[in-house]
Structures are given as structure tokens and as C-alpha cells.
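Student: Hey, can you work out the whole structure from these sequences and the hints?
Below are the chains, spelled out letter by letter.
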Amino acid sequence: MTEHTPESYTEILSRLDTIHNDLVEIKPKKDINVISKPLPMKGTSVLIGFPGSGLVGTIALQYMVDQLEFEQIGIMTSKFFPPLAMMNKGVINDPVRIYIKNDIAAIVADIPIHPMICYETSRDIIDWLEQFKPKEVVTIAGIITNEPEKRVFGVATTTDALTRIEELTLILPIGSISGIASSLLTECKARGIPGYGLLGETVNAPDPRSSAATIEVLNKMYNLALDVQPLIEQALEIEQSMGKIAEEVQQSAEQSPKKDLPMYG
Amino acid sequence: MTEHTPESYTEILSRLDTIHNDLVEIKPKKDINVISKPLPMKGTSVLIGFPGSGLVGTIALQYMVDQLEFEQIGIMTSKFFPPLAMMNKGVINDPVRIYIKNDIAAIVADIPIHPMICYETSRDIIDWLEQFKPKEVVTIAGIITNEPEKRVFGVATTTDALTRIEELTLILPIGSISGIASSLLTECKARGIPGYGLLGETVNAPDPRSSAATIEVLNKMYNLALDVQPLIEQALEIEQSMGKIAEEVQQSAEQSPKKDLPMYG
Amino acid sequence: MTEHTPESYTEILSRLDTIHNDLVEIKPKKDINVISKPLPMKGTSVLIGFPGSGLVGTIALQYMVDQLEFEQIGIMTSKFFPPLAMMNKGVINDPVRIYIKNDIAAIVADIPIHPMICYETSRDIIDWLEQFKPKEVVTIAGIITNEPEKRVFGVATTTDALTRIEELTLILPIGSISGIASSLLTECKARGIPGYGLLGETVNAPDPRSSAATIEVLNKMYNLALDVQPLIEQALEIEQSMGKIAEEVQQSAEQSPKKDLPMYG
Amino acid sequence: MTEHTPESYTEILSRLDTIHNDLVEIKPKKDINVISKPLPMKGTSVLIGFPGSGLVGTIALQYMVDQLEFEQIGIMTSKFFPPLAMMNKGVINDPVRIYIKNDIAAIVADIPIHPMICYETSRDIIDWLEQFKPKEVVTIAGIITNEPEKRVFGVATTTDALTRIEELTLILPIGSISGIASSLLTECKARGIPGYGLLGETVNAPDPRSSAATIEVLNKMYNLALDVQPLIEQALEIEQSMGKIAEEVQQSAEQSPKKDLPMYG
Amino acid sequence: MTEHTPESYTEILSRLDTIHNDLVEIKPKKDINVISKPLPMKGTSVLIGFPGSGLVGTIALQYMVDQLEFEQIGIMTSKFFPPLAMMNKGVINDPVRIYIKNDIAAIVADIPIHPMICYETSRDIIDWLEQFKPKEVVTIAGIITNEPEKRVFGVATTTDALTRIEELTLILPIGSISGIASSLLTECKARGIPGYGLLGETVNAPDPRSSAATIEVLNKMYNLALDVQPLIEQALEIEQSMGKIAEEVQQSAEQSPKKDLPMYG
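Protein chains in written order, with the working numbering: chain A, 1 to 265; chain B, 1 to 265; chain C, 1 to 265; chain D, 1 to 265; chain E, 1 to 265.
Careful: at least some of the hints might be erroneous.
No copy is singled out in the list; a pair is fine if it fits within one copy or between any two copies.
[Unchecked claim] Below, a list of computed lysine-lysine pairs in the DSS-like style, where the Cα atoms sit at most 25 Å apart:
1) 37 to 133
2) 135 to 101
3) 244 to 150
4) 220 to 89
5) 37 to 101
6) 135 to 89
7) 150 to 89
Calculated directly from the structure, the hints in this document are not laboratory data.
Tutor: So, in C-alpha cells, the structure goes:
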């Protein structure tokens, strides 16, 4: 039995260690990396805004977290995100930020998500959220109509969930939604997390007025009492500082999903 | 023997655990994820409709599961599916749904499958079905002709299978089929599962009349006694609500398979 | 020593099992899957026809296996093959079929192979063939000239091999060949398997007359005594039923290999 | 217990060894390979210049390392880098070079980084830097304005960091930056490393005058006392020798990030 | 301790075996496969010619190995190589061939290397060469000028190396080189192998005169005493037989590296 030297075991362990090290470096475990403090485990409502038509969700939620002084608790990074950073008084923003205040969390993004990675982005975000048993997910986006109005349309993941927003929005009876808003809601539905889409009527340019309309819905859903007047007054400044993102979003939109090559490996 | 401390074993186990965790996260096991109750093990007939020309299969099977009150038992998700969700009275649909009623299952999809992933989609769907030893697979699709008629053409995976539909359809003697209908039937043939293709004559727009014609064939194959008159009456509404999908399908069709880059890794 | 409980070992085994299961599902072992009875181990000659210019190889070999009543013993499938199936009296064809009769095997394909996957396709086909120690591989293809004649040009993998066909074909002294015919012969040469290319003069449309010319060479090489007159008489019907494939081949040809992006992962 | 022969252990070890060997060859561990002596562990300032608009960073830092006689201690290679090498008196340059002098390190690149690999490049560079606990990272780049001036704009990763450069540069209050400069700063911010961007006003051609302006800022930050007059005098020669790179950068710039296909595997 | 049955160990071993087998089949270890006899371990000089502008390197080295009767000792294959084979009196050429005579080895290729795989190709070739401790690597390529002359320009990997060719070539003082010649030299420089680039002035067509000029340099470097007159006399024949390759090279050249999508997985 002397052949069973401790060295042998040490060697096994050391080799396993090496295998482990090599393997984890072959490929990161997730497509989207979340670096964040945990959310509270008490049924948090999670509001999500990625830049889409009119940048409605990004503008609305950034205004909300700034005005209501949410605390930034984390970021998301990914090789799939485009290399683009917004400046705020000379300081660069994390491209995707996680905020919390009481029982409301907000995920605010400065970068558009390409149709080809909407699935992975949604899956990894909801994967991360699910462990904290969130009460609900609300995604705020824009929808282009040919009307001058700034109405807010609503969709939900289930008939039950729909009751929560049917008085506050115009329910979209038929039609389809696409992009990251669509895949976030699809992912919520697949996992049984109540999900809502608030779609502000908008155009192809930064649209603080449409954002303000969606905030009015959030005001009612969460008793935020957030004054949107300053947001509308900053319209010109916002339009200038976010013009580059709006341009990127529009270019993304011109690439319809079917024109992309699904890749596999 | 004291060197064989339990810690060593614990460490091995712990390391193996870690390797395992990392590995399973490197890549999901399947390209298509099926989240579903099992099918009954009694020779189920499986009807499949993905959006193609005229959205014939999707419209026909959705109408069937709604009218005959099939139970939804599952969904399919995939990073290869485009980010697109249909609304139904304000509630978003799962993009690919699995239904059952007695000995008939239906897989109904709202999203077109890109030529480059037809193989993986078909392989993973039939992989999942095969374990339940289905009696047969019927894929419903459209075929564009320059005729105003709404005939239904039939193809089968074997000469034996052909006898089941040769009285009910116009057998396609020569020619070729492509896309997801083709790869589903090819996969069935490769595994010895009887497979049928019902191809409704159609055009490049949502076509409830062609769908109705394929339902008439299903009526005879499965004694469904399903009245198609309401479907034809809803034609206008269907055309509006499914216009976006039809558009996507047409764009997909314009990309012929050979224009795509096969990727490998 | 009681800590060395059998559970620990069971756990190790169980974990290794799990690792194994996950790993084998990460990626199929081969790019091309061959599902077939084995070839005889007695020096089989293997004739291969993929659709290329004029569909010369596909038409010639399909005619040969039909007329001489070869037995189909297998198929090939791959995620790289385009989703396309030919119909034969209402029954769909396996896209790539393996046949045998005595000491001649034939691989007949209905689907064109994209330049980017010629290497993998050839490697995996010859990998599979090599285990049966084939006597030789003959690939039949078309070559576009500006002549009305239907001559057959010949190339071989070695000077020795060339003697077998130099009386039967016009030897191509200089120039180059491309596509799947080129990579099959390159692969044979690399492994020391005698390989021949029979290139029928053709045009960009299904060309039974060129196929007939290559059959005349096969008649001499293998004493087949196959009458090509019926093939020429079916020309119109073949042209119609194979028009779709010819179209795909032509589109593939317009994509020269250099326009493709080599991918790696 | 005799079944526990030492051979069994040896075999396990040997197999583990083999697994390890195969695994590490499947894929290199990093996308960017750094072959370099270590940096000093004393709070090194790291200056980084990749070719972008006006080649401002590359020209500035190459001039600095040449004039101040920095020592080259390493290189970076990657399959993602384009195959391009600059000549220096007949000797080819390593495309990405690492230099050190006292407490300043410089990473100087001759090759543009494609938007799709900015994330990986930044992550791997900062991964490598992080182990040496650098004091700060300064990325030097160009920014195209429609002004004839050669001002230097500044951004920083935090409000604290901003104080270090607010007297030396024009702080960019709003707007966005993109490309490798953006992803390097985003990565620094995510890891808590103070990061600065010095953006020289420039045009679409090698621009030694803009580079000189950024050097003046470095002179103040690091007391370099580097005379930029010779650089401005070499303008014509630099423009000629770096014309090819500038051309490549401009072509890269025309490809906006959203036009690229994010790939995953 | 009876629970520690030998079966358990056998099972572990067997499972490890299986893991190993599956893993090695997931992906071949190298992107470029070298099937060759070893080079002599005595400081071999390795001459490399891939088709580029004017096919200068391919024509020069093929002429050299033919005239001086080098022995072919190996080949290289890769899924990244385009499916293209040259004919030589009816016999197909291996697309990349390895030759040896005394202390000179030659790698001669008939296929252009796409910019996206220059890194992998160079890395794997130099990986293979490095084990034989070669004395030096000389890559022969073309450089397009607008001059009618057929001068030969020279570059080297170090200032020391440059002395070997500065009397024999026109040293390129500034500028850049790209493509496989650039990545081969970059790889040599990174590993400390002396490397030389001989760049013959040429045009966009097979150019035996430029090849002859580079052979004159090789004559001086290696005392080959190779008469280039026959090569110049064969100009017309070479131009015809290699026209197809030249065409492919030119198409490759029109795709500048930045237009390619770097892929990762």
C-alpha cells in the first residue's frame, strides 16, 4: 500500500486544479456578466430600459433614478455589447447600470442590443433576477406610430397580469413586438414571472415627451409622484447628448432580424 | 494510510463539482430547449406548423387548437429564434407552443426558422418527440403556385406512408421542398418515423383560405369535424394581426439558403 | 478510515457520469453524420456525385443506381447541408444516399455543398470510407466549357492512377478544379487512396447528355454495360424536376470561395 | 485492498494528464496573448495608444518611447489582429508593443482594433495590467471635430479621477466615445482602476500636430519635458509611412459597430 | 473498506477514458494539419511561398524545387483552405507542399490565405517549424508598384538579420506589409527566429519575371546557381495555368482585412 503515497493524491488534486483553471478560461460562464450587489429578497419590482425607438426606456428610467436618488449597486458587461460609452459631465457612464431604491430596482442601458443577442441578454438578465424572486418585471420601450400623440400602450405576460395595467395603458389587442423588449417578456412568461411592457408612442429621435408619458404610468403603478416637467424642459439637451445612441438604434432597426445570420458553434 | 485524509476526497469531489458546474455552463446542451410536460406514450400524432408562405401551417393549427380546446403543455425556446412576440388581446404568446388533446399533439410557432438552423431545429424537435414513440408527424406548410385554387399537395417519407394521404391530397410527383418543412420530413425519414407534408396552395400573405383547405385534410385524417367557415370569415383580422410575421417570412424567403454562410466552430 | 465511505466513490462516479453526459452533448463528434451499413471489406470502388455544374454527377449516378438496381444502405446528414428535399413520386428522397451493388458503392447527393464546408464534408466522407479500405474513389462532376461537345475530362491523384483513365478520358494537362470534387480528390491524395475525377463538359442547367458521357466512361471502367439512351430521352423531365437544384448550384457558383468568410471558433 | 494497485492511480493520473493536454490545445486560454516581462509592482501609470482617428495615440506614444528611450519589454498577439506589419528602416515592428521606463509603461499599437473585438482586447489587456496594481490607465485617442484647432479633450472614469485632468484638458461634458478607447475606459471603471481619456482634436489622416497636443498634456501629468517640435517637423514623413494604417482605420470607422454581426458560439 | 471495490476504480478509469475520447473529437487540436516527415535538426533554412500579388512566391519556389529536384516530404491541410486544386499533367497537386534538399526546406502553396486566417496559419506553421530549430525563415512575396522594373525589396525581423540581405535587396525603409507574409514574419519575430521577406516588384497577374528576380536573391543567399532563363521562357504557359489562382488572389486582395468580421467563439 505504500504506492498510495500522498503525492499521488496531491498530483490528482493539482491536475484537477489545472483542468479547472484551463476550462474556466476557455469561455466565460455567461454571455452577460452581472457585477452587482444582490437585490433584496422581498419581491422587488424590476424596471428595465434599453435604448430602442425614441430611447424612451433609457431616458425615462435614467430620469427616474436621478430624480428619486436611486443607489447604483451594479453593472453588466458583455462581449456582445457595442464599444460605446456615454459621458456625464466628463465622467464615463457604465453602459448598463443596476439601481435600487426600497422595493424598486432599475436596469438602465445606454447601448442598443442587437437582435441576434436579445435571447442571450434576456436569458442572462432574468437568470440573475430570478434568484431574488422578483415581484414583477416592467420593460419600458418605444413604439413608432404615425400619430402625434404620446399614448402609452401596454402588454403583459398573462391575462392575470394584464389586469394590473389595463386601466393605466391602452392594451395592444393584436400585433407583435420585437427586439429586447419582446425577448425579456418572452423569457419572463417562460419562467412564470409577471411581466409588463409599457410602450410609449414615439419617433426615431430621443423623445423625452414619450418618456414622460411612460413615467406617468409608473407614477400610478408605484406611487412615485415624479414630476416630469423638468424632463420635458431638458428635451433639447437630451436630444443632443443622446443623438449618437439614437443613431445607432436606428441603424440597428434597419437591420431586421431576418437579415442577420444566426450563428452556431 | 493517514495521508488518505477525508479532506482529500472532499477536495476531489468539490473540484469535480466545480468542473461540472463550469462545463455545463459553457454551452447549453441543446440548441432548442423544450420545456414541456411529456407527451402520452400511446402513439400520438404530432401536427407541426411553422410560419412559411401564407403562414398556412401556423394559422391552421392555431385555429385548430383554439376551436377544439387543446391544452397547452409546453414551449420551445432557442437563441436561434428571432426576438419577436405576437400579442393576443394584450397578452404575449409564447413564440413556439406545444398543445395536446387526446392522441393529437400540435406544435404551433409564430416565428420563422432561418434556413441555417432548420437542421438543428428539426433534429432537436424530433429528438424530443422520438422518446414518446409518436405514431406519425404531419407538417403543414404553404406552397406558392400561380393558380387561384387552394388545393392541398401531399408528400410522405415512404411509399407505405404515402398510401395514407394519396386519396386526400394531390401527390407531388416531382419537384422539391425546402425550409423547415423539408428538414422535419428528412429527419423523420432518417429515423423511421412516418412523416407527411400537407402543402396548401398559397400566396405571399397570411392566407386563411389555404389554411382552411389543409384543415379539411386534417378533418379526414383525424375525424376532427372542424368547421372552417369562421376561419375564412376572420380572414381580414388575421391578415392584419399576422402581417408582421408574413413580412419576416418573405424576407427570409428572399434569402435563399445558398446565400447564407454556413458557420462552423 | 470510516470517512472513505462508499458514498464518496459513488458520488465521484456519478459526477463523472454527469460530466461525461454534458460533454458529449456539447457538440456532435462529426460535422457529417453517416448512418449506414458498412461497406464490404474487399476493395470496393466508390463513385461519388454531388450536384455541381450541369448536375452531371448526381444525374449520372442516380440513373446508374436506379437502372442497375443498387441497394440503398445508408444516408448522410449534417447541419451544414441546406434544407432541401427532392420528391420522387410523392416520396421525399434522403438528401445524400449511399448505395451498394457487388464491389461498387455510390454516394449520390441532391444538395450542393457550400465552398466553406467542402473540407469538412470530404474529410468526414473519406474518414468513413477509409475504414473499409476502398480500392478507389471516383468523383463525377461537370466542367463548363464554351464547346457544344460532351467530352469527358480526366484527372487523377497520382501519376500511377492516371494510367487507369488516360485511354478513357481527355487528360486535363493544366488548370485547376474547385469545389467538392477538388476537396474529395485532395483528401484521397493526402491519404493515399487512388482517386479519379471524371469531368463532363456541360452548361449551367441539368445536363443528362453530359451525364450520359460520363456513364460511358464508367461502362468501360467497370463493365457496367449500362444503356444511356433512356437517360437522354428523359432529358426534359429531368430538367424540370431538377431545375430547383440547378438554380441553387448556380447561385453557389456565383459565390466564389474567396468571398466567403472563413470562420473559426 | 490489493485491487487498489498503484497502476490504477498511475493510469488515472496519466489519463488526467491527457485530458489536460487535449483541453489546453482545444482553444488558447486568452483571446489576446501577452508575452512580456512583468510590470513593476509600484503603481505604474500605463499609457495606451491604439490607431484611431488621426492615429493620434500611436504617433504620440511611439514618439514618446523613442525620444525618452523607453525599454521594450513585451508584445501582444492575437488571432483577432489584422495581418499588418509596419517597417522601421527595413525591420518589421511587433504590431503591439509594451514599453517601460521608471514608473511609466506604454502600450503602443500599429493595428486598429475592430469594434467587435474591443471588449475582448480591453478585458485581456486590463486583466494583464490588473495583477501589477497599476496607479492609473491613460488612453490617448483622436476625436474628429470640424475645427482647425488642436485642443485636447478629457474624460475620466470617476468624478474623483476627473480632478486630475480638469485643469489640463477641456472636459467633455456630454456626448459619447466609441471604439477601443471607450472599452478600455469602461473596463477600468468596472474594476476600479482610475482611467483617463485624452482625446486630441483631429482629422482623418495621420496627425502629428494633434499628437503633439496630447503630449503636452502628458508633459504636465508626468513631468516628461518632452520637446514636440521634432515631431511636428517629421509630419510629412510620418504621414507617408503611416498612410496605410490611417486608411485601414478610416475603413474601420465607416463600419459602425451596429453593422457588425455579433457572433456567439 | 470492502466498499472500495476494484470495479469502482475500473469504472472511474473507463469513464475518464470516455471523457477523453469525446473531448479529442470535439475539435481537432490544430487549425492547420501538417502531415510530414520531420525536418533535419541542423539549422535548416525554410523558404515559404504563398500565392499573393503576381504569385511571385509560389512560382519562384515551385520552379526552384522542380529544377533542383527537392524531395516532397509532406503536406498541410486545413478546413480554412479554399477547395481548389491545381493540375500538373492530369495529376492534382497537394495544395500546400513541404520539400527538402540538404539544408533548405521549402513550403509551396497553390492556395491564397484569407486575411482572417493568416494568424492561425502562421502560428501553426511556425509552431511546427520551431521544433526543428530552423536557422531562418524566408518568405517570398510580391509587392505592387507602378514601376516597370522587377526589383526585389527586403525586410527582416531584426536589425541583426537585416545585415544578411542589405547588400542583396533594396531595403524598405518605411511602409507596411500585409497578409500572410506579414503574419509569418511577425510570428518569427515574436519567437526569435530570424526572418526575411523578399518582395518582388510585380503586377496583378502571374509574374515569372518577378519570381526570377527573387530567385536571383536566393541564388546569392544559398549558392543555388539556379538558371532563371527557362522560367522566363515559360511565362506564357505559367500565366495560363495559374490564371485561376491569380484571379482568386486578386479577389482576396480586394477584400481588405478590415472588411472582414473577426469571429470568436
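Student: Give a verdict on every hint.
Tutor: Hints versus structure:
{"no.": "1", "hint": "37 to 133", "result": "both (15 Å within a copy, 24 Å between copies)"}
{"no.": "2", "hint": "135 to 101", "result": "within (15 Å within a copy, 33 Å between copies)"}
{"no.": "3", "hint": "244 to 150", "result": "both (23 Å within a copy, 23 Å between copies)"}
{"no.": "4", "hint": "220 to 89", "result": "between (32 Å within a copy, 22 Å between copies)"}
{"no.": "5", "hint": "37 to 101", "result": "within (13 Å within a copy, 39 Å between copies)"}
{"no.": "6", "hint": "135 to 89", "result": "between (35 Å within a copy, 23 Å between copies)"}
{"no.": "7", "hint": "150 to 89", "result": "between (30 Å within a copy, 21 Å between copies)"}
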